[in-house]
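J.: Listed here are the chains, written in short residue letters.
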Amino acid sequence: LRKNVEDFTGPRERSDLGFVTFDITADILNEKKCMVFFLTCIHLQSIFDWNVKQLFLYLSAEYSTKNNALNQVVLWDKIMLRGDNPRLSLKDMKSKYFFFDDGNGLKGNRNITLTLSWNVVPNAGILPLVTGSGHVSVPFPDTYETTKSY
Amino acid sequence: LDFLDDVRRMNKRQLYYQVLNFGMIVSSALMIWKGLMVVTGSESPIVVVLSGSMEPAFHRGDLLFLTNRIEDPIRVGEIVVFRIEGREIPIVHRVLKIHEKQNGDIKFLTKGDNNAVDDRGLYKQGQHWLEKKDVVGRARGFVPYIGIVTILMNDYPKFKYAVLFLLGLFVLVHRE
Numbered sequence: 001l002r003k004n005v006e007d008f009t010g011p012r013e014r015s016d017l018g019f020v021t022f023d024i025t026a027d028i029l030n031e032k033k034c035m036v037f038f039l040t041c042i043h044l045q046s047i048f049d050w051n052v053k054q055l056f057l058y059l060s061a062e063y064s065t066k067n068n069a070l071n072q073v074v075l076w077d078k079i080m081l082r083g084d085n086p087r088l089s090l091k092d093m094k095s096k097y098f099f100f101d102d103g104n105g106l107k108g109n110r111n112i113t114l115t116l117s118w119n120v121v122p123n124a125g126i127l128p129l130v131t132g133s134g135h136v137s138v139p140f141p142d143t144y145e146t147t148k149s150y
Numbered sequence: 001l002d003f004l005d006d007v008r009r010m011n012k013r014q015l016y017y018q019v020l021n022f023g024m025i026v027s028s029a030l031m032i033w034k035g036l037m038v039v040t041g042s043e044s045p046i047v048v049v050l051s052g053s054m055e056p057a058f059h060r061g062d063l064l065f066l067t068n069r070i071e072d073p074i075r076v077g078e079i080v081v082f083r084i085e086g087r088e089i090p091i092v093h094r095v096l097k098i099h100e101k102q103n104g105d106i107k108f109l110t111k112g113d114n115n116a117v118d119d120r121g122l123y124k125q126g127q128h129w130l131e132k133k134d135v136v137g138r139a140r141g142f143v144p145y146i147g148i149v150t151i152l153m154n155d156y157p158k159f160k161y162a163v164l165f166l167l168g169l170f171v172l173v174h175r176e
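Protein sequences, first through last, are from chains A and B.
For the first sequence, the UniProt record's numbering gives the first residue as 1, with consecutive numbering after it.
For the second sequence, the UniProt record's numbering gives the first residue as 1, with consecutive numbering after it.
Just so you know, these hints were derived from the structure itself, not from any lab.
Be aware that one or more of the hints could be misleading.
Residues from chain A that face chain B, not an exhaustive set, calculated with beta carbons under 7 Å [claimed, not checked]:
#, residue
1, ASP49
2, TYR58
3, LEU70
4, VAL74
5, VAL120
6, LEU127
7, PRO139
Note that the Cβ used here is the ideal one computed from N, Cα and C, for glycine as well.
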């Protein structure tokens, strides 16, 4: 489900706003196969070891536009503490943050790549950023939706 | 108070020796600090977290190790330490959005994990994005709690003077 709305004049004048809904199914604990329904599927072999305090997961959309060679927008994030249920099964999620483009580069953009990544926060030590393998490409339509949907 | 007797027993030469020793320790510390600045590329390679806006990852008093290498591109999800123009205190938050041009010019938006909204409200009046020049460094590693000493020294200046005084006394009086 994606549509463009050129309806907002925020601090950015009339930029494209995209709406994406998504499902995330992720099994962060062990080797059990997880279902890839719509989005990324991640296998993390015991990432929660004694030195991992939490994982900061985020779903980011990456794409190119005429204005900017590289754009990355975080659509959704979640903090997963050690001890939380490591299996995520979220359906029909709306993005947490407004997916504004810097300009009008979402219209007709065929190639928006959504990836799930996470930041491992240790009890003490290095803070690595890991990108999950697997990603989904979504295209945006060529026209704007002008009806207000809120 | 037998260390005071020791001081009285030292003659002038020994006293000068101790002072020089002290000077060497201070210089070495400064050199290590400057060396860290060169290696990491950051003007402030070690910072203390001052607020709770990144909880539960970082708490007040945690120590962060930064690098600021220009070759490292800024990407979403990274934890950056930045300074807002005109303000002294650096802020530690996560990158939420980036828009980068072909030539490498980049503008980005940040948000604290524990904050409900992004940082636009914190930026300067009229400023909507951060740029490379605002970045002090990227957080690469951290150690919890240790920075509490710095916070204590800032909040209670008497404590800072007491610590410095005791350190100085110890070095001056120590035999080796």
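J.: Out of the numbered hints, which ones does the structure contradict?
T.: 1, 5 and 7
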